[in-house]
Structures are given as C-alpha cells and as structure tokens.
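One line per chain: the protein sequences are A and B, in this order. Take 1 as the starting number for the first sequence in this note's numbering and just add one per residue. Take 1 as the starting number for the second sequence in this note's numbering and just add one per residue.
None of these hints come from the bench; they were simulated from the model. A few of these clues could be false.
[Said to hold, decoys possible] Computed cross-link-like contacts, DMTMM-like style, restricted to lysine to aspartate or glutamate with a CA-CA straight-line distance of at most 20 Å: (1) A:K16 with B:D63; (2) B:K16 with A:E75; (3) B:K49 with A:D73.
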Amino acid sequence: MMPQLITISIRPPQHKAFRLWVPLLPLLLVLSPVLVIALIAGVVACIGYRINPGRALWTAWRLLCGLRGTRVDVEHGRTAVLVAIR
Amino acid sequence: MSEQRRDVLQMLAEGKISADEAEQLIAALDRDQPAAVSDVDTRPRARPKYLRVVVNVPDTDDDGPARVNVRVPLQLLRAGVRLASLIPPQAVERANDELRRSGVPIDLSQLKPEQLEELIEHLGDMTVEVDQPDAKVHVFCE
C-alpha cells in the first residue's frame with residue numbers, strides 16, 4: 001500500500017515551529033500531467049539502456065510503497081526537523 | 001524412545017542395576033524431560049520491520065545536545081536491493097572495472113537479489129553500538 005501522508009515539522013531556533021501535512025494521493029493527482037511525462041521519459045530511458053520498463057516501473061512502485069513508515073527526526077539544541085511518511 | 005531411557009533399560013538387562021533403580025532413573029528422566037522442553041523458547045520470533053539509527057551527541061559547543069533518530073522500513077531496503085538488478089550491463093562492467101582497479105575484485109553481476117534479500121532477513125540479529133565520549137550511535141532492527 002502506498003503512503004498516504006507526509007508530515008514535515010520544522011522548529012527554527014528563534015521562530016515558532018510549523019507543521020505541514022501533505023496528503024500524497026491528492027498531490028499525485030495534481031501532479032499527474034507531469035508524472036505522465038516523467039513516466040514516458042522513464043520508459044524511453046529504460047528502452048535506451050536495455051532495461052525492462054515493466055520491471056523498472058514495478059521496482060519504482062515498490063520503492064514508493066516501501067517508504068511508508070519512514071521517519072527522520074533530527075534535533076540540535078533548539079532546532080528540530082521531523083519528516084514522517086505514513 | 002530416548003537415548004537415556006534406552007541406556008537405563010540396557011543396564012537393567014545387563015544386571016548392572018535393579019528393577020527398582022531402573023524405575024527411579026526412568027521416573028527422574030520423565031521429570032527432567034518437560035523442563036528441558038519448556039526451557040527452549042518455541043515461539044516464533046517477530047520479524048523486524050524497521051532499521052533504526054539513533055545518534056546522540058552531548059552538548060559540547062553550547063549549542064545544545066544533538067539527536068538523530070532515523071527509522072527506515074526494511075521493506076524499503078528490500079525494494080532498494082532490487083534496483084541492483086536494473087543496473088544496465090555496461091554500467092555493471094564499468095563498476096566492476098573500477099572496483100578491480102581499487103583492489104576490490106567483486107563481480108556485481110554475480111550478486112543475486114535473493115542473496116541480498118537473505119542479507120536483509122538476517123539484519124534482524126544485528127546490533128551496532130558505538131559509545132564514544134563525544135557521540136553515541138546505536139543501529140538495530142525492531
């Protein structure tokens with residue numbers, strides 16, 4: 001299952017913290033025209049380098065799905081950055 | 001029949017021990033048997049899902065302590081190793097040449113996704129701990 005939500009939280013040292021929730025599915029829908037062009041370019045590149053495009057697409061999909069559960073949390077003094085993919 | 005029980009019966013047949021002693025020995029073996037079985041944890045171990053990297057740096061330059069906490073799903077690593085099978089043959093040859101020139105004679109074309117997958121499976125048993133005065137690093141699977 002692909003990730004649904006990306007949470008980005010940034011706390012600058014002197015400023016107020018802000019948190020951003022990015023729903024992935026609506027984002028992909030908005031970016032779908034760009035994604036189609038990128039997909040075509042990717043397939044052409046795969047054919048050029050003699051790589052099976054179906055296999056490459058399946059691997060890219062698995063990579064996207066595998067991102068679910070990733071969490072990067074960095075704190076240094078009063079500065080903090082959090083990226084969580086759910 | 002267990003080996004020890006067979007030995008007791010053998011000793012009884014050879015007349016080395018009496019019937020009463022044989023009975024006591026067998027009873028003692030029966031008492032020990034369930035305890036030995038229960039000592040072994042037969043529950044299947046939960047498969048690890050995430051690779052965790054935790055770095056703690058104490059406050060050394062008055063900026064405050066630093067802490068890095070990264071959680072990577074093992075599923076992502078599995079998908080990542082499959083990328084190795086997508087490397088174009090020309091690139092594999094060039095990489096092999098460079099590795100050989102650097103004194104690391106590894107043939108990347110011999111690396112199979114199944115082998116890499118097996119490697120990831122065994123990551124669950126791995127724990128790396130580095131304890132230095134200026135930083136502590138802990139890498140483990142959970």
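Kindly indicate which numbered hints from before are broken by the structure, ordering the numbers from low to high.
2
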